[in-house]
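The listed protein sequences correspond, in order, to chains E and Z. Residue 52 in our numbering sits at position 52 of the first sequence; the count goes up by one each step and never skips. Residue 386 in our numbering sits at position 13 of the second sequence; the count goes up by one each step and never skips.
Derived by calculation from the structure, the hints in this document are not laboratory data. Don't be surprised by glycine CBs; every beta carbon is placed ideally from N, CA and C. Just so you know, not all the hints are guaranteed correct.
Okay, the calculated beta carbon distance ranges per label pair [stated by the list, open to error]:
| # | chain 1 | residue 1 | chain 2 | residue 2 | range |
| --- | --- | --- | --- | --- | --- |
| 1 | E | Glu148 | Z | Gln494 | 25 to 31 angstroms |
| 2 | E | Met44 | Z | Ser490 | 42 to 48 angstroms |
| 3 | E | Met44 | Z | Gly487 | 54 to 60 angstroms |
| 4 | E | Asp259 | Z | Asp477 | 33 to 39 angstroms |
| 5 | Z | Asp436 | E | Val307 | 30 to 36 angstroms |
| 6 | E | Ala47 | Z | Gln440 | 42 to 48 angstroms |
| 7 | Z | Gln440 | E | His209 | 30 to 36 angstroms |
| 8 | E | Leu165 | Z | Gly487 | 53 to 59 angstroms |
| 9 | Z | Ser490 | E | Lys131 | 36 to 42 angstroms |
What follows is each chain in one-letter form.
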Amino acid sequence: MYFGEQIVRPAVLVACFFLTTVTTAQVATPEDSYAQQFSNTVQMHIAGSSDEWLEKAAIFSDTPNDISSLAGVAPLMLETWFNDASQRFLIENDLLAGLQKHRFKETPSQNQYLPNDAKVLLLSWWPVSAKGATPIPVWQAKNSGAVERSNGYLHWPTAALVQTLEQTKTETLTDISQVAVAGKFRPISHRASLNSLFHILVTESVAAHWNEQKAGNKLSRMVLGRPLRAGDFLALVAAHGVWGDSGNGHWLTLWWQPDKPAELMPLGPSDIEQHYAFDSCSDSTLPREPDGSPNSCFNPWLEGGLVSHSGITPRQSNCISCHARASFPPQDFLNVTQGEQHIPPNSLPTGMLWSPALRARDMTTHHDEAIFR
Amino acid sequence: MFKHYIDCTRGVTYQLNNRLIRCSFICLWLTAGTSQAQLYGNAVPAALLANTQGIVWFGTVRDEQGQFLENATVQLDTGIIEHVAVTGIEGRFRLVLPKNIPFDAVIPYCARPGSHSAYIQRRPPPRGLDSPVELQCILR
């Protein structure tokens, strides 16, 4: 008996060690795989090689101008991109123009989920000046727990000062301790190179495109003190992605975080990916958080500003919990939810995408209703 | 130096010896029956001008020399959420806050890239009214 244990125990230990080493060294976890896919897709868009993808404005061509961006809300420069399969899904399920006629019909179920090969990407840009340093507000996890108020970027206490490589050669800004950004003077918590962000050069046509959009125009004037112009840059501060996969799909998010705390996972191993925090989920509830609450998966740029009506902070929100309610007519779009949620009765599911539902609403309701929501 | 601006769609503003005097309340009385939002709106679309629900905050952002500043950002923090506007070419802004936000619960901020500090003064609504509120920001 004793002799047997002497042989078996080391053998088991060696086997376990071997298995652990092999699996951790050679087999990427699903999370790593999704992060890499997400990063690759974002970089493909940065490089301008996403030919088969279409931006929302090209798909929903007659969408009314988003005047709610003027109504005192904090603007973001957002793009939503749909790949081939997601475009087909929208067309085949009559989600581009036919939503209104389903308003009072029973809920069909065929368009509740995205097809497996569908991918949708939402990119959030920040204008960066070609000359002079540009401030970017920095989210701090420790200040994100307030239930009673929004914690969007207007509320973040500090800012990073971002310079292009050329600027860092000629300008030293160490004597500046605070900077005006988006209406407030904020202490400078970080100094960063533009190369720590995914970014694109602004051309004449890109500048014209964003300056025509009210949100883009407003954000540029808030940050740069002028409209965007050729030679400036757009830096990626946040992105959401959904991969159809199966059922609820896989939801991915990233944001630029110059001082990433240990609990946040980096997007990937490269220098630039290390400056982005990454999170993902494929379930609204599991795996549960350490305190037993449902799984959280959020983005401070895109959800931080939401005001909770339910006692749940945006930090506790979950992509799937929110998007499971995506339907027409859209109900309580901006409420913060966690855990399992369902489509309201007598609503038409929109493949867990809010875009078709909100667009159909904007086509059918008077704008004033949207302004103060 | 006397400047006199008249714009039928935007209201009436007088500036005398760099001392800004608003006569918008007189205009409101004179034009009773019209939407009060139309008096103060600057580059605001018709859909917004038509909206009379809520408390109107309006005003200007200037530098210390009294020059009106375009592209300055005005933030109104209600304690729940920030409302933000950017000044137009005449240095003016206009925001409409929800009706249930008391005048003194709002913390205003003003800033502009390149500016270093701000002096902010607000004028409460006329007695008995909860709107409009005037805000003047001076940046240096």
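Structure-based check of each hint:
The hinted range of 25 to 31 angstroms is satisfied by Glu148 of chain E and Gln494 of chain Z, whose Cβ atoms lie roughly 28 angstroms apart. For Met44 of chain E and Ser490 of chain Z, the Cβ-Cβ distance of about 44 angstroms falls inside the hinted range of 42 to 48 angstroms, so the restraint holds. At roughly 37 angstroms, the beta-carbon separation of Met44 of chain E and Gly487 of chain Z lies outside the given 54 to 60 angstroms, and the hint is violated. Here the CB-CB span from Asp259 of chain E to Asp477 of chain Z is close to 36 angstroms, well matched to the stated 33 to 39 angstroms.
Judged by the Cβ atoms, the range 30 to 36 angstroms given for Asp436 of chain Z and Val307 of chain E holds: they are separated by roughly 34 angstroms. Distance hint check: the CB atoms of Ala47 of chain E and Gln440 of chain Z are about 44 angstroms apart, consistent with the given range 42 to 48 angstroms. One distance hint, 30 to 36 angstroms for the beta-carbon pair Gln440 of chain Z and His209 of chain E, holds here, with the actual separation near 31 angstroms. Distance hint check for Leu165 of chain E and Gly487 of chain Z: the Cβ-Cβ separation is about 23 angstroms, which falls outside the suggested range of 53 to 59 angstroms.
For Ser490 of chain Z and Lys131 of chain E, the Cβ-Cβ distance of about 23 angstroms falls outside the hinted range of 36 to 42 angstroms, so the restraint is violated.
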